[in-house]
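A.B. asks: With the hints in hand, could you dock these two chains into one complex?
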Amino acid sequence: LKREKVLNNKVTNIDKRDMKMAYLMLLPAVVMLTIFVIIPLVIAFQKSFYDWNYYIDSVFVGFDNYRIIINTVYFQKAVINVLKFVITIVPLLLLLSFALAHVLKGLSAKMSNMIKTAIYIPGIISGIATSVIFIFILDYKGGVINQTLMQLGIGRIGFLNNPFWAYIAVILPTVWVGLGGNTILMYAALVNVPPEYYEAASVDGAGAWKKMIYITLPQMKNIFVLMCISLTAGTLQMFDIPYMLTGGGPSNSTLTPMLYLYNNYRDASKGMGYTIAGAILMLIIIVMINSVVFAVIKSEKSVEG
Amino acid sequence: MKLKKLIALMLAGILLVTTLTACGANTKKSETNANETGSKATETPNKTDGTATSEEPVKVVVWNQIFEEWNQEFFTQKAEEYNQLGRGYVVEQTFIAGDAWTERMAGAQAAGTAPDTYVASYNNLVSSARDGLIMPLNDLLPAEAFDDLHDNVKEMISLDGKYYAYPQLIEPSTVLYYRTDLFEAAGITEAPKTWDELIAAAKKLTTPDVFGLGIPDFPSMGWCTWGLQHATSGHLAINDNWDAPTIDQGYIDLANFYKRCYDEGVVPEVALSAYATMKDFGEGSVAMKFCGSWGIAQIINEYPELADKFAVVAPPTKDGNQDTVLATNGGWTYVIDANTKVAEGAADYISWLLAEDVKTSAEFFELAKYAKAAPRKSVSEYLNANAGDSKWAEVVSYVSAHAIAEPTYPWDISATVGLMFENTALGMMSVEDAAAQATTTIQDIINNQQLAGKNPKQ
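Protein chains in written order, with our numbering: chain W, 202 to 506; chain H, 834 to 1291.
Read the hints as simulated data drawn from the structure, not as lab findings.
Keep in mind the model is a prediction, meaning the values are calculated, not measured.
No residue lacks a Cβ here, since even glycine has one placed at the ideal position from N, Cα and C.
Where hints are given, some of them may not hold.
As the list claims (entries may be wrong) - Derived lysine-lysine pairs resembling BS3-like cross-links, with alpha carbons at most 25 angstroms apart:
id, chain 1, residue 1, chain 2, residue 2
1, W, 342, H, 1037
2, H, 1151, H, 1037
3, H, 987, H, 1287
4, H, 1037, H, 1112
5, W, 306, W, 422
6, H, 1142, H, 1037
7, H, 1174, H, 1151
8, W, 248, H, 1287
9, H, 1092, H, 1036
10, H, 1142, H, 1210
11, H, 911, H, 1202
12, W, 471, H, 1151
13, W, 278, W, 471
14, H, 1192, H, 1202
15, W, 471, H, 1092
16, W, 422, W, 411
17, H, 1192, H, 911
18, H, 1142, W, 342
19, H, 1036, W, 342
20, H, 911, H, 1036
21, H, 995, H, 1210
22, H, 1092, W, 342
23, H, 1112, W, 342
24, W, 471, H, 1112
25, H, 987, H, 1192
Stated by the list, open to error - Derived coverage of chain H by chain W (criterion: at least 3 residues anywhere in the stretch with Cβ under 8 angstroms from a Cβ of chain W; other residues may be distant):
id, region
26, 917-930
27, 1072-1082
28, 1271-1281
Same shape as in the complex, but just chain H (with noise of 0.2 angstroms):
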């Protein structure tokens, strides 16, 4: 019998030990970090007052995300330049994948162990400083920063009058990629500007083996068409006091053009790969598709053999006209927590990675090959000068010039208008019923998460 208790008892406390163990682990080994070396001899520094002293550089930690192999390198090398810099600070960058960031993220807010400063999505900066989560930047960067910013890239960093965040780039959400050889063999000699132009190419285009034009993801519905809503009806799917739906006759047109789409086979019954992905036109798969700008970089990249056989144009509009809203603008800032003890470091390295010296904003948009457009007035102004024989700077450019902001309201409504595109196209129910119902069910949202007068931005 003392045997077994004696058994028992070693069971039992294994069992505990390795249990909490477990939970104690570091995690951190499923990460990148591009700067581990050049930061262990700088662990123990000022970090409760977050002053630098030219013996002692502070440590500074940064998440970056994920994104494509250049990128990464790009900021691991600026890492490594601002380290050289003997600024007071020194740099530790860690990179985490875009699907695990939301939960490392909340673990780490939860657990006070956020980094000091990390990239942030614009449609996320709102929330982020109504919650507390980040900081203003006003009094951290010098003012001509932000005077060096586009109008519409400011209204996209402030809440009540503060600046929350340095943006690192913008993305219009919405441009027309097109096969330029398909275009010749199909005797297509211009991109098409109106939908009808759209439907009628896409004829042309679509073969047995490669359809007209790529329909977007029903999921990505609610957010890729936000930039058509509003060209097409002049405002988004709820008022601007947040008390009332929208949905009119612009929203039933731009679901009777996704119907016609479908109606008219010139697209794949099911989407070929999301919207955000440049898989089905780098495949073959189709002749046209809509998608973020970030998809240049992606077929020069990942489908080179395509990179002198596509275009970029602004996306086509129901009447042709194309000096209106034409896409959101999405894209990345660098954000300072808000409990972070190192914000003048924080704000230093986000000033001189951003803010300061033109060419070093400029090489990641070279390296981007113009995909992107800057949001600093003086780095648009050296890119146009500079990025010489560019088939798509200039398209960038003027699409994300005529983007506004990606909505703040909850993604429910953007859901449900998504919802009505997918009924109708799908022929579920008729376009008059889907829009009614998208108006009921909005303001059933308004109503049960009592949004009434609380747009921030209002």
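Here chain W stands alone, though its shape is the one from the complex (with noise of 0.2 angstroms):
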């Protein structure tokens, strides 16, 4: 009745006091994104077009920070790196979480609980903290790991000094962090799927995997599109762990855009302008990259189921 009248253009008294209603309820959202994010997004977009100070005028140098930026290599490094975390650590986490959330499903009622809060806690664990129980684990010298290897009369391994084990320990905790909000989702998603579907099915002697293609996965649409968002814009912008982990090296394999742009901030010979250039051209890479997401996952129609 409702598409109806929308589409007839018809709004009733009753409708404009539920929309008045409507603005009144998103009013604070649209003030504090006004002030937090819209003005200093637009003030950051014109800043990065100057040469900025803060007690001398600024000087208007055009796309000059961004052809400084685009054209570093450490700053090229960077945005390969994070898109090779992208394609690691996104799968990685729809995959796991997809499967956890089959075995959850199956579980009785008490044990799916406790693993659910076991498996959560990770997630309400910071990044920073998160990368402090690696160090412990993976630690040259005093790590858990590296101490059993000598116990056991094998030499240390340097983790953190070899590009593909750096790698693994920033996509390691990433995972672990992540792992458990994912799952309580997928499991949300998973439930819900109509019983009737499969016992239609499985009348119509449909196998397991039949049944997740054609049913499971199609029901979850909408849920993969909303993980596949947020992680990859998530990843994109990491930061806390590479920065505790591994600082970026070993031979800059783990530096991410964040990591060099917060490097960059903290460096007093080059200016502002071009630290905000570089964030400005990351939002627009990971506006563009999920972009591609919607697209590659055709969310219009999945929105409608």
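C.D. replies: And the structure:
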């Protein structure tokens, strides 16, 4: 009925009253978004075209800051690194949380609740604290793994001095932190798939694989879209774990754009406009990649179910 | 419906008020305000014209960094002493942690609430002066105060013929620490002077529990090797005109030295602590270690059991020549904010604290166990005459005198050199390839950032 009214462009008094209430409820969010997101974004965008200075007049430099940051080898390297992290971490988390959600669904309510709580705990720990935990595990001299290896008569492994191990060392805590929350989301979506669909499929002789391909995955499309977007955006902004664990090394193999920009912000020889231009570029990259994700998954169709 | 509207309005109002209140909240509670009580009575001075009268002392806001406990106690006490003198100004000093410094200072400068005077490291002076953040001190401090400075220190605080800071201390970035007890046990009688001797000693000292030599962490290699780069090649990584890289055989030799350390197994595969801290040495994990002279005070204060078991010498060089550049000089200065309204007051405090009575300055170096060098000739002479049996004063003073100022070119260039050493030492590429890559990258940085001809010291 509501849809019909909108289509007919007829808005009743009740609708108007509801809309007023809706706008009223939205007001705080809009005001705060304006103050803390929109205005700073506009100012940042403007500053990115200046050789910006607090005390002397800023000089308009056009796209110079963007030219410099785009041509900086370390920024390029950082962008490539973070894209590698995205193509590893996002599918890994989707797969693991999907599998774990299936396991949870098959368990008794008591056991399921216990495991849900256990896997969710890492999600409430900050990236910094997580990194400290993993330093205890991976440390060259006193780390749990290297101590065990030494007890077994095997030499130590310099996890954080080897590009491959450092890459793994960053991925592990990232997945550990993200697994709980994403599994809960997957689980919620999984239990919402109507059981009648599976019953009907069983009657038609469909096996477990076909049920997953033709029922579970299409029914969970929206949650996959949501997770893809949020995981991709989150991974592109990776900072705390590489900062704490590897400092971007070895040989810049775990340097991320946010870490590079942070280091630049602290480099007094560079102007602030340069760092802001880098941040704006990352914003553009994140929006572009998320647009691609939307396009690939054809989210409009999925929203309509 | 009215009730709903009322609730919505209230919620919206509460959210807005709490958010905006939080924005304006006073964040100063996280700081250590050493002179809060002493300065409250003087919060309405002649801030506008910055002149002192006998009735109303003018408040001078000072930001200091949190270093060692004794350091903070010293400067707190000095501020209190100054405030008792009745020179027409009172100091309100705040100590801020180093890792929060950049953000706090940037925020204060943007908001126009920067302190009147604050500590600044030598390597930030040029950019701060260029950006107009700090003011020249030539007209604020007497000429004799600058005449008393060592020549290499004058160079470090000057730009275009003007002095932009008054130095508090200088610290050579590289000296070699070694455990005398382990040397004795290994039968090593002399401290190494060449790289060959260093590696030979490290081999003798290496056991299953102790590495012979501590290697700098790779992120620090960009800066902690500046002195060694100059000692080995006679110059830094780009030429004086800032238009071409100068990665030559000296750099290749230095990279090979680090590779040898790894290949010989005398250093841990991963640095056991950051270059700037003596944790690995203090905990007995390494028998020798390169660090700045500040490490002396760290050992004495944090690992007192080692106080009589270590020695400090000038860093070994490739050929043993120690009458060359051995390190860079870092350290701290006091600068005056370009927008301050109490420049005379800030200068008066700096002058009293650092440039007048020799004993006031010397007291700091005595507390620092002579681990830092004095920037003033008169203070150095006083310390040399009164250092007594200090084992380190002579070495620190020698290395400091053989040290150059830290380079002012962009950090990306130093990071690239550090990466060259890292790639070579870890065997990721041959030293020739690493050097070629470093040369190309530095040239790209020069071109991209249009550095040619922009050396402010040229």
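A.B. asks: Now tell me, hint by hint, if it's right for this structure.
C.D. replies: Against the structure, the hints:
Distance check on the hinted pair: residue 342 of chain W and residue 1037 of chain H sit about 21 angstroms apart at the alpha-carbon level, within 25 angstroms; holds. For the proposed pair residue 1151 of chain H and residue 1037 of chain H, the alpha carbon gap of about 19 angstroms is at most 25 angstroms, so the pair holds. Taking the CA atoms of residue 987 of chain H and residue 1287 of chain H, the gap is near 21 angstroms; set against the 25 angstroms cutoff, the hint holds. Distance hint between residue 1037 of chain H and residue 1112 of chain H is fulfilled; the C-alpha atoms sit about 22 angstroms from each other, no more than 25 angstroms.
As the CA atoms of residue 306 of chain W and residue 422 of chain W are separated by approximately 18 angstroms, the hinted pair is consistent with the 25 angstroms bound. With a C-alpha separation of about 18 angstroms, the suggested pairing of residue 1142 of chain H with residue 1037 of chain H holds against the 25 angstroms cut-off. A hinted pair counts as satisfied when its Cα atoms are at most 25 angstroms apart, and residue 1174 of chain H with residue 1151 of chain H does not qualify at roughly 52 angstroms. For the proposed pair residue 248 of chain W and residue 1287 of chain H, the alpha carbon gap of about 23 angstroms is at most 25 angstroms, so the pair holds.
For a cut-off of 25 angstroms, the pair hint linking residue 1092 of chain H to residue 1036 of chain H stands: about 14 angstroms separates their Cα positions. Simply put, residue 1142 of chain H and residue 1210 of chain H have alpha-carbon atoms about 31 angstroms apart, too far for the 25 angstroms limit, and the pair is violated. A distance of roughly 18 angstroms separates the Cα atoms of residue 911 of chain H and residue 1202 of chain H; the hinted pair therefore holds under the 25 angstroms criterion. Our distance criterion of 25 angstroms between C-alpha atoms is broken by residue 471 of chain W and residue 1151 of chain H, whose separation comes to about 34 angstroms.
Straight-line distance between C-alpha atoms of residue 278 of chain W and residue 471 of chain W comes to about 19 angstroms, which keeps the hinted pair within the 25 angstroms bound. Restraint check for residue 1192 of chain H and residue 1202 of chain H: satisfied, since their Cα atoms lie roughly 15 angstroms apart, inside the 25 angstroms limit. Annotation: proposed proximity of residue 471 of chain W to residue 1092 of chain H is violated, straight-line Cα distance about 32 angstroms (limit 25 angstroms). This hinted pair checks out: residue 422 of chain W and residue 411 of chain W have alpha carbons roughly 16 angstroms apart, not beyond 25 angstroms.
Restraint check: the Cα-Cα separation between residue 1192 of chain H and residue 911 of chain H comes to about 12 angstroms, which is no more than 25 angstroms; the hinted pair holds. Pair hint residue 1142 of chain H plus residue 342 of chain W holds up; C-alpha atoms about 23 angstroms apart against a cutoff of 25 angstroms. At most 25 angstroms may separate the alpha-carbon atoms for a hinted pair to count; residue 1036 of chain H and residue 342 of chain W meet this at roughly 19 angstroms. Of the supplied pair hints, the one linking residue 911 of chain H and residue 1036 of chain H is violated, its CA atoms being roughly 47 angstroms apart against a limit of 25 angstroms.
Restraint check: the Cα-Cα separation between residue 995 of chain H and residue 1210 of chain H comes to about 20 angstroms, which is no more than 25 angstroms; the hinted pair holds. Annotation: proposed proximity of residue 1092 of chain H to residue 342 of chain W holds, straight-line Cα distance about 21 angstroms (limit 25 angstroms). For the given pair, residue 1112 of chain H sits about 13 angstroms from residue 342 of chain W by alpha-carbon distance, which is consistent with the 25 angstroms threshold. With a C-alpha separation of about 32 angstroms, the suggested pair residue 471 of chain W and residue 1112 of chain H falls outside the 25 angstroms cut-off, and the hint is violated.
Of the supplied pair hints, the one linking residue 987 of chain H and residue 1192 of chain H holds, its CA atoms being roughly 21 angstroms apart against a limit of 25 angstroms. Evaluation of the coverage hint for the region 917-930 of chain H: breached, as 0 residues show C-beta separations to chain W shorter than 8 angstroms, against a requirement of three. For the region 1072-1082 of chain H, the stated coverage by chain W is not satisfied: 0 residues place a CB nearer than 8 angstroms to a CB of that chain, which falls below the threshold of 3. Counting residues of the region 1271-1281 of chain H whose CB lies closer than 8 angstroms to any CB of chain W gives 4, so the stated coverage by that chain holds, three being the minimum.
Hint check: violations occur at hints 7, 10, 12, 15, 20, 24, 26 and 27; the rest are consistent with the structure.
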